[in-house]
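Asks: Each chain, letter by letter, is given below.
2 protein chains.
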Amino acid sequence: MQVSAQTDTANARRRGAAFDEALERLYEPVRGDLEEVGSALRALTHGQPSFIIELLDHVLETTGKRVRPAITLLASRFHPNDGANARTMASAVELLHVATLIHDDTVDDSAFRRGRATISSMWGNNAAVLVGDFVFAASATFVCDTGNIRVVRRFAETIMELSIGELGEMARAHDASLTREEYFRRIYKKTASLFTTAGESGAVLSGAPEDVVDALRSYGYNLGMAFQITDDVLDFEGASEETGKPVGSDLANGVLTLPAIIALERQPEDNPIAALCERPDDRESLRAAVDLIQQPSIIEAAYSVADDFSRKALRSLDRVPPARERDSLAELARYLVRRRG
Amino acid sequence: MQVSAQTDTANARRRGAAFDEALERLYEPVRGDLEEVGSALRALTHGQPSFIIELLDHVLETTGKRVRPAITLLASRFHPNDGANARTMASAVELLHVATLIHDDTVDDSAFRRGRATISSMWGNNAAVLVGDFVFAASATFVCDTGNIRVVRRFAETIMELSIGELGEMARAHDASLTREEYFRRIYKKTASLFTTAGESGAVLSGAPEDVVDALRSYGYNLGMAFQITDDVLDFEGASEETGKPVGSDLANGVLTLPAIIALERQPEDNPIAALCERPDDRESLRAAVDLIQQPSIIEAAYSVADDFSRKALRSLDRVPPARERDSLAELARYLVRRRG
Numbered sequence: 001m002q003v004s005a006q007t008d009t010a011n012a013r014r015r016g017a018a019f020d021e022a023l024e025r026l027y028e029p030v031r032g033d034l035e036e037v038g039s040a041l042r043a044l045t046h047g048q049p050s051f052i053i054e055l056l057d058h059v060l061e062t063t064g065k066r067v068r069p070a071i072t073l074l075a076s077r078f079h080p081n082d083g084a085n086a087r088t089m090a091s092a093v094e095l096l097h098v099a100t101l102i103h104d105d106t107v108d109d110s111a112f113r114r115g116r117a118t119i120s121s122m123w124g125n126n127a128a129v130l131v132g133d134f135v136f137a138a139s140a141t142f143v144c145d146t147g148n149i150r151v152v153r154r155f156a157e158t159i160m161e162l163s164i165g166e167l168g169e170m171a172r173a174h175d176a177s178l179t180r181e182e183y184f185r186r187i188y189k190k191t192a193s194l195f196t197t198a199g200e201s202g203a204v205l206s207g208a209p210e211d212v213v214d215a216l217r218s219y220g221y222n223l224g225m226a227f228q229i230t231d232d233v234l235d236f237e238g239a240s241e242e243t244g245k246p247v248g249s250d251l252a253n254g255v256l257t258l259p260a261i262i263a264l265e266r267q268p269e270d271n272p273i274a275a276l277c278e279r280p281d282d283r284e285s286l287r288a289a290v291d292l293i294q295q296p297s298i299i300e301a302a303y304s305v306a307d308d309f310s311r312k313a314l315r316s317l318d319r320v321p322p323a324r325e326r327d328s329l330a331e332l333a334r335y336l337v338r339r340r341g
Numbered sequence: 001m002q003v004s005a006q007t008d009t010a011n012a013r014r015r016g017a018a019f020d021e022a023l024e025r026l027y028e029p030v031r032g033d034l035e036e037v038g039s040a041l042r043a044l045t046h047g048q049p050s051f052i053i054e055l056l057d058h059v060l061e062t063t064g065k066r067v068r069p070a071i072t073l074l075a076s077r078f079h080p081n082d083g084a085n086a087r088t089m090a091s092a093v094e095l096l097h098v099a100t101l102i103h104d105d106t107v108d109d110s111a112f113r114r115g116r117a118t119i120s121s122m123w124g125n126n127a128a129v130l131v132g133d134f135v136f137a138a139s140a141t142f143v144c145d146t147g148n149i150r151v152v153r154r155f156a157e158t159i160m161e162l163s164i165g166e167l168g169e170m171a172r173a174h175d176a177s178l179t180r181e182e183y184f185r186r187i188y189k190k191t192a193s194l195f196t197t198a199g200e201s202g203a204v205l206s207g208a209p210e211d212v213v214d215a216l217r218s219y220g221y222n223l224g225m226a227f228q229i230t231d232d233v234l235d236f237e238g239a240s241e242e243t244g245k246p247v248g249s250d251l252a253n254g255v256l257t258l259p260a261i262i263a264l265e266r267q268p269e270d271n272p273i274a275a276l277c278e279r280p281d282d283r284e285s286l287r288a289a290v291d292l293i294q295q296p297s298i299i300e301a302a303y304s305v306a307d308d309f310s311r312k313a314l315r316s317l318d319r320v321p322p323a324r325e326r327d328s329l330a331e332l333a334r335y336l337v338r339r340r341g
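Chain order of the listed sequences is A and B.
Residue numbers for the first sequence follow my numbering, beginning at 1 and rising by one.
Residue numbers for the second sequence follow my numbering, beginning at 1 and rising by one.
No lab work stands behind these hints: they were computed from the structure.
Here the structure is a predicted model, which means the values were calculated and not measured.
Glycine included, every Cβ here is placed at the ideal spot set by N, Cα and C.
Please note that the accuracy of each hint is not assured.
As the list claims (entries may be wrong) - Here are the simulated distance ranges between beta carbons:
no., chain 1, residue 1, chain 2, residue 2, range
1, A, ALA323, B, HIS174, 55 to 61 Å
2, A, ASP327, B, GLU54, 34 to 40 Å
3, A, ASP20, B, ASN81, 51 to 57 Å
4, B, ASP281, A, GLU278, 39 to 45 Å
5, A, ALA330, B, GLY47, 31 to 37 Å
6, A, GLU35, B, GLU61, 26 to 32 Å
7, B, GLU61, A, ASP20, 31 to 37 Å
8, A, ARG287, B, GLU284, 16 to 22 Å
9, A, GLY64, B, GLU21, 43 to 49 Å
10, A, SER50, B, LYS65, 34 to 40 Å
11, A, SER297, B, GLY47, 33 to 39 Å
Said to hold, decoys possible - Far from chain B by the CB rule (all over 10 Å, computed), these chain A residues:
no., residue
12, ARG42
13, HIS46
14, HIS58
15, ALA156
16, PRO280
17, ASP281
18, LEU286
All chains, please: the whole structure from these sequences, using the hints.
Replies: Structural data, given as structure tokens:
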């Protein structure tokens with residue numbers, strides 16, 4: 001068990017390295033800014049008591065893909081500005097993402113995240129709750145440093161949406177009546193809300209006109225939706241190598257995602273997913289449900305919904321002035337929804 | 001066990017009713033505003049999904065003493081203003097307090113709070129973490145509605161301090177080398193920080209001059225310190241009736257507070273508190289430690305430190321124009337640190 005988790009982690013790291021190359025290319029226009037964001041996050045430990053330094057170092061050492069801060073930085077480049085507020089906001093956006101990961105790991109009882117042991121598995125859930133609170137609050141102080149109350153308020157609303165999204169997922173677990181529309185509302189809250197804020201806030205802080213702000217908000221929204229759907233499909237497609245989670249882990253936890261909803265729409269009667277919702281511990285129903293969902297036509301149908309959102313994200317960019325930052329945003333949309341299965 | 005918890009709860013309610021009478025008198029100048037704060041909090045559920053309404057109703061139904069919003073409202077009355085921002089801020093301050101209670105209960109595994117079952121005991125720790133996040137974020141949206149970035153930033157810093165205070169308590173559990181100064185720094189973060197912000201923000205939002213702001217910040221700080229010390233002493237003094245916790249519960253959890261620190265200062269050798277820190281599960285050491293701390297001279301010494309802070313709070317009010325709101329703040333300081341044992 002221990003060994004297999006470590007192997008998965010090693011695989012995830014190798015894959016991570018391959019991904020990074022493509023990302024580094026498209027991050028090129030904001031590379032310096034992204035490095036400054038990294039320094040700002042590391043500086044968070046300055047002057048803190050030693051126990052919190054230890055906990056924070058552990059959290060911040062793990063570098064993810066930095067997709068969200070990159071969106072904020074790229075979105076800030078369509079109107080002349082000195083970039084300071086965008087960098088501050090990008091730090092806030094990344095910290096907020098880190099905070100949600102910490103609390104999600106507590107909620108999910110995850111032992112590993114981004115190839116490292118989680119705070120909760122190392123120091124207990126109690127420390128994880130409080131470190132998450134600290135990082136949430138730290139992210140808010142960064143947003144305050146922009147001095148822009150519109151952005152601060154949008155940020156606070158985003159935290160509300162993130163927690164409602166997660167709560168909704170919990171409240172509707174094992175519920176086979178979940179509709180596509182309800183699923184879309186949930187993934188907006190748990191994922192696309194922060195992508196929306198990442199795009200919108202970069203544009204607002206650059207001083208861009210409202211139509212450009214709206215275009216980048218729409219880009220963030222649609223990209224976030226496409227990203228989460230892709231992630232949900234990957235959970236049924238040999239995703240274990242990448243995330244360390246077993247195939248079908250969402251469903252095993254009672255979380256119905258788009259592929260399951262499509263399978264239920266197509267076969268409303270006598271569906272093993274419905275049977276699984278009735279008896280969540282029945283391993284045979286789980287196996288039958290995963291088999292059903294893994295049918296190529298269902299996986300394809302789910303991916304094509306992700307593609308629709310991705311295309312809308314790309315179309316939003318038509319309303320943004322041409323620039324290499326716009327090319328990067330387009331490239332990012334293609335990168336995040338490409339089929340990795 | 002069940003029965004005894006319920007009896008404690010009933011006692012707490014009876015006592016609570018008695019307390020309220022004194023509080024209601026001193027809250028008189030801001031009674032209407034406090035009621036509006038209550039309505040604003042209840043309105044938080046509007047438009048939310050049904051599962052979150054259920055969780056929030058449960059959290060907000062429980063009315064505590066509303067000390068913190070009362071401080072904000074009273075502190076806003078020393079300069080002419082329409083009171084709207086002070087009410088918004090008072091709502092934020094109370095919500096932040098509620099959010100910390102939710103996460104503290106998760107961290108402490110408490111089954112009851114303010115005489116009601118806790119979210120974590122009813123819906124599980126996972127829901128409690130997320131509802132806490134939601135309420136934190138909701139409090140931040142209220143602060144944003146004041147439009148005052150100085151206050152928003154101070155508020156975010158307060159959340160950081162609250163979580164560091166709790167983490168520090170956890171990190172230094174079972175550590176008999178804790179000094180008085182370290183204890184003071186910790187209780188500032190976990191308690192007095194929010195009292196400070198409650199006083200300061202009310203004054204700032206009223207547009208009061210900086211010397212009045214500073215006086216009310218100092219009032220909040222000293223009152224918060226006095227309040228927490230009193231609370232820590234009460235834990236050794238038949239506090240069970242009031243809180244439902246067993247006498248010496250802090251010490252049983254390895255949390256050293258002022259009475260324990262004084263006992264260690266006075267008897268540095270062969271002290272049962274040090275023995276307890278070495279072997280946290282030794283019930284005999286716990287009994288001996290509680291006996292030592294319950295000596296009247298130690299309890300008195302701890303109360304007199306609380307009195308010192310309380311007097312400083314009262315002295316701060318000398319720098320505030322005379323008004324019945326000033327009398328209420330003075331009365332509140334006397335009320336919160338009076339010896340209830």
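Asks: Tell me the hint numbers this structure goes against, listed in increasing order.
Replies: 2, 6, 7, 8, 9, 15
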